[in-house]
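Novice: Sequence:
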Amino acid sequence: MKKILLFTALLCCMEFLSAQQETIDLSGTWRFQTDPMGFGKTPGSQLYKIKLAESVTLPGTMDENGKGLPVTARYVDRLTRKFEYCGQAWYQREVFIPDTWRDKEITLELERCHWETAVYIDGKPVATDERLSTPNRFLLTQQFTPGMHTLTICVDNRLKYPMDQWNHGTTEYTQTNWNGIVGDIELVAREKKSIRTLKVYPDIETQSVRLDISFNNTTEESADGLVELVLREKNGKQVTHVALPVQLKKGESHLMHTFSVGKNMKLWNEFTPNLYEIEATLVSGQQKDTETVVFGMREVEQGEHHIRLNGRNIHLRGTLDCCVFPLTGYPPTTTEHWIRIFRTIKDYGMNHVRFHSWCPPKAAFQAADEVGIYLQAELPMWIKDVGKYPARRDFFEKEMYAILEEYGNHPSFILMCNGNENQGDFNVLEDLVKKAQKHDDRRLYSASTARKHTPSDQFYVSHVTTKGGITVYEGKPSTDWDKRKESDIDCPVIAHESGQRCMYPNFDEMKKYTGVVTPRNFEVFRERLARNGMLHQADDFFRATGAHTVLQYKEVNESLLRTPNSGGFQLLGLSDFPGQGSAFVGILDAFWESKGLVSPEKFRESCAPTVLLARMSKRTYTSDETFTAAFEVYHYGEHSLKRGKLNWELKDASGKILQKGLLSTSAVPCSTVDSIGKVSVALDDVDTAQKLTLHATLDGQFHNEWDIWVYPSASESVEVGYVYARTYDEHVKSALEQGQKVLLVPETAPGRKAKFSSHFWNPIMFKWNPLIVGTLIDSDHPVFKDFPTDSYADWQWWDILNYATAMELNDLRNITPVIQSIDTYEYNRKLGIAFEVRVGKGCLFILCVDPQKNIEKRPAMSQLLYSVRKYVASDAFIPAEELKLYQLDALFNTVSDKKTGTIDADVVKQLLNQ
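Residue numbers for the sequence shown follow the working numbering, so the first one is 294 and each next one is one higher.
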């Protein structure tokens, strides 16, 4: 009877008590001082005992406040900070503690610091903590008595343990190794009997949610209490509530309770990111404490080849976030910023983000919960000697537990990995996985992104498995292939860092860098381009290489969508990575804004929950062949597709329909790649060289398209009106001196081997030959009258460029090549595959391609040569620029096999952990 009366009394009290959690916002002006020599903690030099002399604004960093060493360097491998600093820095201010906080537990909360943080109150050391991924929290009840106090904080951003320079939690290459305090900075007062943690474990099968609530009682004796639990849809109607008695023993107590969500339960996923919230209110005596947690009804499990969400296979169409935030140098701590980024990612058809070797702040998880994005968080680990340093290993374990405790309730947090491309003792990494799995089974875990698959992996992100490579870096002219054999292992595999096709920088982007870093790498690249007389081509270089990257990413993405047992892919990247050598690999810039290369709607044709696919054996045909395509549909949409119709059309460049048809489609279940049917078109009606486009539309809703090129099977001979030569020799010189036209297709030419695909990642880090970032084609030139082309290398150029040579034309300032290989932006040399000049009385067209090797299988090469021959023989062949014979002699006497790069550069060894 006594307990019933107490329970009733507590229930009544809940109506009259207000929650007693209070905060003091510490943002604003703080006193400040640098401590580059690190003496501030040394007896006799203690900076926490004196009044600091300078001032800064917090939250913020030293960079934002203009503190540190002014930087005059111009780095080409990254953006340049305006101010640099590494060491201890001191922050100080007065804090007034109100008398109403006399019997409260007072905590200092610092949302994100970098890296070790020490706290001093009234000139006395209190506590030290080290975190990179979660807030620092310091219990200061004993020190913060009512009245005025001096709070001093020392932040030390020096690397605490031996670390390689790459991980994105500390690297200078992306977020910068900043010093400061960002996000929420506040004092929080709570009752001595309070809710410590509230963990939510959804159960989809039983339509219920299990709560694990821990309480903290810092009084000297046990107490009775009542906890009221209210479950409601976030910002919506109440689902249920209950009040439960709880015995609060001294120290920590636990309460487990299971809620029924009911038959109207709303699931969380990428399509319907429904959220619930649980408000827990603890009342004990006159004390009241409230904690609210937002969660989603979702369960994650390991499937045979796919990650399963709510009992259904999902396919991850992802991109990387490498902590690139040029305005601040650190990640945003407000949900608005992250919502913009995640909505942009979803606009481009993606549903997943991997945080490469770092973990974002809570705002990112909150935004992903709202938008419906699947997140993979990682420890700040990218090292080649795992297990070597016990103290470092302990730090990573503490960091792991801290991440799980801080962000574990978020439904978007479905994957966690120890870090990127680690090497060393994998027993240590597997031990972390097992501990994480035991601690929190609400997500899947993996030992390392790439390098080694361990038995405990519940998913595996890698570029290769024991059965071969699964990452696709570039497409092929054929689309009739996939990665199913290589993906067939004992857990879901996700293609690691696919794409990585580099493009030329967009110099117009430089004006966006108004924050803590400056684009001095852009400045250097632009100056070198100007010095070589090609600044006027900068935008053309950017547009041509950007279009090629878009083309490559379409094929890269579709190849993995064609793979029915692929667990997903992580593109590198949707946005640029301005570090590690300046990797302009994104169709978005470093600010997650469009470069104007492709619209979200166009990109979604090949990257979306539902995508039409076409398997084709090749891209170039002659008119005596038959074009065949087998249609498939990748469908990981919200609902099954009903029976319908696929309309297909083969159109020419003017939009004229050459052939069309209709295929009936069966119902398509979710989470599948299904065949639709095959079409064949005889090409014998094509009598001129044309680009044709195959369009496919399913039920008027889903569309995709693919280009092919068709050339006449027989062309008229163009053998007269010019001299055709394979060697630059006296015969060529004599013909030019006599005023003849000469087409020179040299068997050997001084220069570097050309290539169809653009450079991998970036040419500053990976100095791999041929160091070409793309091809610019003067598509309006009359030489291409019978060879339809755009200004960039599309698929008809694949074998032409792979059998071509790019001559170095740096000394020929007046010459602009007709077909121009674009050199690395680090050096910006002029490279030409084809160009034309007047020489004396004659005219010369040089085309550095192979017109013979496997020519029967290379219709595009045959057609290009025909178009060039026809142009050279015509009256239109009147080159605008002139060269002297001695200049040609010098050009062809150039030493040709000079290497421009090597793959064993120290920086590459470092990246690959060699």
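These are calculated hints, taken from the structure and not from any lab test.
Cβ atoms here follow ideal geometry from the backbone N, Cα and C, with glycine treated the same way.
Fair warning: there could be bad hints in the mix.
[Unchecked claim] Calculated cross-link-like contacts (lysine-lysine; reagent style BS3-like; alpha-carbon spacing at most 27 Å):
id	residue 1	residue 2
1	K691	K778
2	K911	K935
3	K731	K681
4	K543	K485
5	K984	K727
6	K375	K485
7	K492	K453
8	K731	K847
9	K984	K847
10	K1046	K1026
11	K639	K453
12	K453	K769
13	K559	K681
14	K1034	K1078
15	K334	K691
16	K655	K492
17	K691	K655
18	K935	K1048
19	K769	K1150
20	K1146	K1134
21	K360	K375
[Stated by the list, open to error] Label pairs and their in silico Cβ distance ranges:
id	residue 1	residue 2	range
22	R636	K1150	28 to 38 Å
23	D318	T986	17 to 27 Å
24	R1106	E931	16 to 26 Å
25	E931	D396	35 to 45 Å
26	P683	C963	13 to 23 Å
Novice: When the hints from earlier in the document are held up against this structure, which numbers fail?
Specialist: 1, 2, 5, 6, 7, 8, 11, 12, 13, 18, 20, 22, 23, 24, 25, 26
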